[in-house]
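Next come the chains, spelled out residue by residue.
2 protein chains.
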Amino acid sequence: MAEVGEDATAGEEAQREGADIYNEEGVIRASFLAHIGAAIADRDTVTLKRDVSDLHQSELGDLLEALMPDQRRALVDLMGADFDFSALTEVDEAIRMEIVDAMPNAQIAQAVQELDSDDAVYILEDLDEADQEEILAQLPFTERIRLRRSLDYPEETAGRRMQTEFVAVPPFWTVGQTIDYMREDQNLPENFYQIFVIDPTFKLLGAVDLDRILRTQRAVKIEEVMHETRHAIPATMDQEEAAREFEQYDLLSAAVVDENERLVGVLTIDDVVDVIQQEAEEDLLRMGGVGDEELSDTVRATSRSRTPWLLVNLGTAFLSASVIGLFDATIEQMVALAVLMPIVASMGGNAGTQTMTVTVRALATRDLDIYNAGRIIRREAAVGLINGVVFAILIGLVAGLWFQNPGLGAVIALAMVINMMAAALGGILIPLLLDKFGADPAIASSVFVTMVTDVIGFFSFLGLASLWFGLG
Amino acid sequence: MAEVGEDATAGEEAQREGADIYNEEGVIRASFLAHIGAAIADRDTVTLKRDVSDLHQSELGDLLEALMPDQRRALVDLMGADFDFSALTEVDEAIRMEIVDAMPNAQIAQAVQELDSDDAVYILEDLDEADQEEILAQLPFTERIRLRRSLDYPEETAGRRMQTEFVAVPPFWTVGQTIDYMREDQNLPENFYQIFVIDPTFKLLGAVDLDRILRTQRAVKIEEVMHETRHAIPATMDQEEAAREFEQYDLLSAAVVDENERLVGVLTIDDVVDVIQQEAEEDLLRMGGVGDEELSDTVRATSRSRTPWLLVNLGTAFLSASVIGLFDATIEQMVALAVLMPIVASMGGNAGTQTMTVTVRALATRDLDIYNAGRIIRREAAVGLINGVVFAILIGLVAGLWFQNPGLGAVIALAMVINMMAAALGGILIPLLLDKFGADPAIASSVFVTMVTDVIGFFSFLGLASLWFGLG
Numbered sequence: 002m003a004e005v006g007e008d009a010t011a012g013e014e015a016q017r018e019g020a021d022i023y024n025e026e027g028v029i030r031a032s033f034l035a036h037i038g039a040a041i042a043d044r045d046t047v048t049l050k051r052d053v054s055d056l057h058q059s060e061l062g063d064l065l066e067a068l069m070p071d072q073r074r075a076l077v078d079l080m081g082a083d084f085d086f087s088a089l090t091e092v093d094e095a096i097r098m099e100i101v102d103a104m105p106n107a108q109i110a111q112a113v114q115e116l117d118s119d120d121a122v123y124i125l126e127d128l129d130e131a132d133q134e135e136i137l138a139q140l141p142f143t144e145r146i147r148l149r150r151s152l153d154y155p156e157e158t159a160g161r162r163m164q165t166e167f168v169a170v171p172p173f174w175t176v177g178q179t180i181d182y183m184r185e186d187q188n189l190p191e192n193f194y195q196i197f198v199i200d201p202t203f204k205l206l207g208a209v210d211l212d213r214i215l216r217t218q219r220a221v222k223i224e225e226v227m228h229e230t231r232h233a234i235p236a237t238m239d240q241e242e243a244a245r246e247f248e249q250y251d252l253l254s255a256a257v258v259d260e261n262e263r264l265v266g267v268l269t270i271d272d273v274v275d276v277i278q279q280e281a282e283e284d285l286l287r288m289g290g291v292g293d294e295e296l297s298d299t300v301r302a303t304s305r306s307r308t309p310w311l312l313v314n315l316g317t318a319f320l321s322a323s324v325i326g327l328f329d330a331t332i333e334q335m336v337a338l339a340v341l342m343p344i345v346a347s348m349g350g351n352a353g354t355q356t357m358t359v360t361v362r363a364l365a366t367r368d369l370d371i372y373n374a375g376r377i378i379r380r381e382a383a384v385g386l387i388n389g390v391v392f393a394i395l396i397g398l399v400a401g402l403w404f405q406n407p408g409l410g411a412v413i414a415l416a417m418v419i420n421m422m423a424a425a426l427g428g429i430l431i432p433l434l435l436d437k438f439g440a441d442p443a444i445a446s447s448v449f450v451t452m453v454t455d456v457i458g459f460f461s462f463l464g465l466a467s468l469w470f471g472l473g
Numbered sequence: 002m003a004e005v006g007e008d009a010t011a012g013e014e015a016q017r018e019g020a021d022i023y024n025e026e027g028v029i030r031a032s033f034l035a036h037i038g039a040a041i042a043d044r045d046t047v048t049l050k051r052d053v054s055d056l057h058q059s060e061l062g063d064l065l066e067a068l069m070p071d072q073r074r075a076l077v078d079l080m081g082a083d084f085d086f087s088a089l090t091e092v093d094e095a096i097r098m099e100i101v102d103a104m105p106n107a108q109i110a111q112a113v114q115e116l117d118s119d120d121a122v123y124i125l126e127d128l129d130e131a132d133q134e135e136i137l138a139q140l141p142f143t144e145r146i147r148l149r150r151s152l153d154y155p156e157e158t159a160g161r162r163m164q165t166e167f168v169a170v171p172p173f174w175t176v177g178q179t180i181d182y183m184r185e186d187q188n189l190p191e192n193f194y195q196i197f198v199i200d201p202t203f204k205l206l207g208a209v210d211l212d213r214i215l216r217t218q219r220a221v222k223i224e225e226v227m228h229e230t231r232h233a234i235p236a237t238m239d240q241e242e243a244a245r246e247f248e249q250y251d252l253l254s255a256a257v258v259d260e261n262e263r264l265v266g267v268l269t270i271d272d273v274v275d276v277i278q279q280e281a282e283e284d285l286l287r288m289g290g291v292g293d294e295e296l297s298d299t300v301r302a303t304s305r306s307r308t309p310w311l312l313v314n315l316g317t318a319f320l321s322a323s324v325i326g327l328f329d330a331t332i333e334q335m336v337a338l339a340v341l342m343p344i345v346a347s348m349g350g351n352a353g354t355q356t357m358t359v360t361v362r363a364l365a366t367r368d369l370d371i372y373n374a375g376r377i378i379r380r381e382a383a384v385g386l387i388n389g390v391v392f393a394i395l396i397g398l399v400a401g402l403w404f405q406n407p408g409l410g411a412v413i414a415l416a417m418v419i420n421m422m423a424a425a426l427g428g429i430l431i432p433l434l435l436d437k438f439g440a441d442p443a444i445a446s447s448v449f450v451t452m453v454t455d456v457i458g459f460f461s462f463l464g465l466a467s468l469w470f471g472l473g
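Chains as they are written, first to last, in our numbering: chain A, 2 to 473; chain B, 2 to 473.
Simulated from the structure, these hints should not be mistaken for lab results. Keep in mind that the hints are not guaranteed to be accurate.
[What the hints assert, rightly or not] Sample of chain A residues at the chain B side, in silico, Cβ under 7 Å:
#, residue
1, Val-291
2, Gly-292
3, Leu-320
[What the hints assert, rightly or not] Derived coverage of chain A by chain B (criterion: at least 3 residues anywhere in the stretch with Cβ under 8 Å from a Cβ of chain B; other residues may be distant):
#, stretch
4, 106-116
5, 119-133
6, 346-357
Note that the coordinates shown come from a computational prediction; the quantities given were computed from them, not determined experimentally. Cβ atoms here follow ideal geometry from the backbone N, Cα and C, with glycine treated the same way.
For reference, chain A alone in the conformation it holds in the complex (with noise of 0.2 Å):
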């Protein structure tokens, strides 16, 4: 009986730290974690749903992470009714789709319709086109009219993202109308920020926050405190602009309008947190050379989505020694031009990646325009020059007393120079010529930045020797 009393422990431990499952570097405890195993093995309902209820959505996601894949499904099928499937908004997409794969449509169609739409639109959209039909041939008619016109919207557009649940109000009503009416109507949204001003055909008007509904007296109507949408979201817009918005304009929650101006959803700041997070890490992964990578994608995935951006290193890099066969006699006659080029590569690659990861930065929050483009060039220009000059002082030194050789440490000092100012260059110019012809700088700069400094580097220098000394 010593597991059970263990188990007792760890789950009145989680109750008294106010359910706090997580340790101090944010990891959930093992302890929680054993015990949740424990109760799962022992198919222990009472208990799981003593403990894992009360979970918020996130913290059941992260717990569903840590889980083995078959504990995962287990742990779905113990809880039954009482597991939150918003928790799989919240777990990578291998995993909600091992999970969502083993459920019958009839049970996911029953989960679905205790989401919100947003939450009911993102566990299904990533079905494939039959057993979605299925599930939504299940649901109630205003449900699955909800949900097939946020489908109906492409991915990854405000549309997709938005809630369909909101408070609309016509603008003759008075406030006092309208808090009687959220007091008696039980069909309000779980949570909302604002409420919306609407016409008889659903044209949006305007909208009012409700800290300005709470200060303002019963007897003023509607249209006398309601603020014009000026950021009302087409929901055709793509979810990184409209997240581009609410940061601009410091919005919680934004009408969602169709074609014709009519309000057919409300996008909230917690979706846009997500999308933000997502954007930021698409432009970190990009720039590493990884694509739309999870980390728990299987061996073949992640090996295949790398293969093409090795491909073209590869081409890349055969370039580069292409430059360097062109010299192969001046090496042959001084091996010490060997030895001493893969620094001048690199130290242009590193310049070059610094100049580019700065202009990328720049170019996805718009911070580099035409304004300031002739400023920042002129300005990274004089920065490769000056770090040029200083580290080639320094290489030279070092080489030319290595090699007990000052012309080598004047020539490498020469090509430092010439490769700094190219890759300060590239690393400004690629990413702004790839933006202007609408490519993403984020995914090809790197490649091309460290071709040119690669190429030049290796080039200028043995290129160099061989003038100096008179070889090849």
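Add chain B to chain A, keeping to what the hints say.
Just chain B now, with coordinates in the frame of chain A:
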């Protein structure tokens, strides 16, 4: 008079389009900028007040960034009391300091009083101690106390970012009393999303969302509708950690409490969105070998801030060179090795960067933890082996054909497999180890990973060649 005519047109155009001062690419329209520039040159305060006063603070911030330095200062002067100082929270630090430094402290004190406390702190915190004190001394008592309390918390904490204006009521008030209080009190914050419940000593008891108040009958007591604030943020909590709480629990605003659990302020989602952006930006820049750099930095500041990273890279580049130096005799006998060796290093560097990027990001989002580290390490090793073998075959064939030397193809293929495995393991273990020892993996991983792939790439290729061909 043609110029005046043109100005009027641009101004009217800006107004007609609902003050959309941006073009389709999200950049400020050239016509609007020219119009404002001309008005500044003419010292035409009427036009400026008409066309600039209505801008949102972030629009005004973008306008400031697009103007020339002396235009910025002139605009602030000409606008006088109509200038919205909250725009200064939306511009680069260098531009903010440039504007603030040109203002007399009395004028700053005047401006600061108009701002929300969090914006005021944002502007004051960058000033030197003496100026801060002089400005604070000119503020009314309560304002001074509030700002000083925020400024007393360390930089980048919740206490620094919080707003000290909030609505708090006792638990025994009814919903009706609370609404009446809000209707009458003129000193409410400009916007608020929840009401806090406190005891007479300001100890935080709970919170009520505004929609909950609106749905509840007037006679109900606040304590019956309030929810426990499980996510009260200690004022000393790091802003990044606070942002993570907001993200995890989808918070809109959260109470900030001092060490005695007393309510001292409120942190709102719009500040948190900025923190999230900033942290994502920091990670990206650090991985690119750039520090806390801004686009408006000078040449000198930029070149200085990039030097440390280049110095470290210089060290590792000389290390790689010395590895090559071990095999100079080998290279002398077979110069094709010098031509091909950068390919092995470059492919390894690329694969290592891919793995490292995924690892650094997963560590930042806490998706990588002790529960999946083992699995991820095994996955990366497998991906390294598979991609190593695939590219080894490809490179071996090309190299063998290029130099008409099958043995050379075999050697580079073997070196490739070794280096791709090293890249995979280095790419995941180096960030994990740095993280374990408390270093920021985003900063330091890149240099160590490429050091590993360069050294192992050169050593394995040249070493294997020297064995295979019996050279050196």
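A quick look at each hint next to the structure:
no., hint, result
1, Val-291, "5 Å, holds"
2, Gly-292, "10 Å, violated"
3, Leu-320, "10 Å, violated"
4, 106-116, "violated (count 0)"
5, 119-133, "violated (count 0)"
6, 346-357, "holds (count 8)"
Figure legend: structure checked against the earlier numbered hints; hints not met, in rising order: 2, 3, 4, 5.
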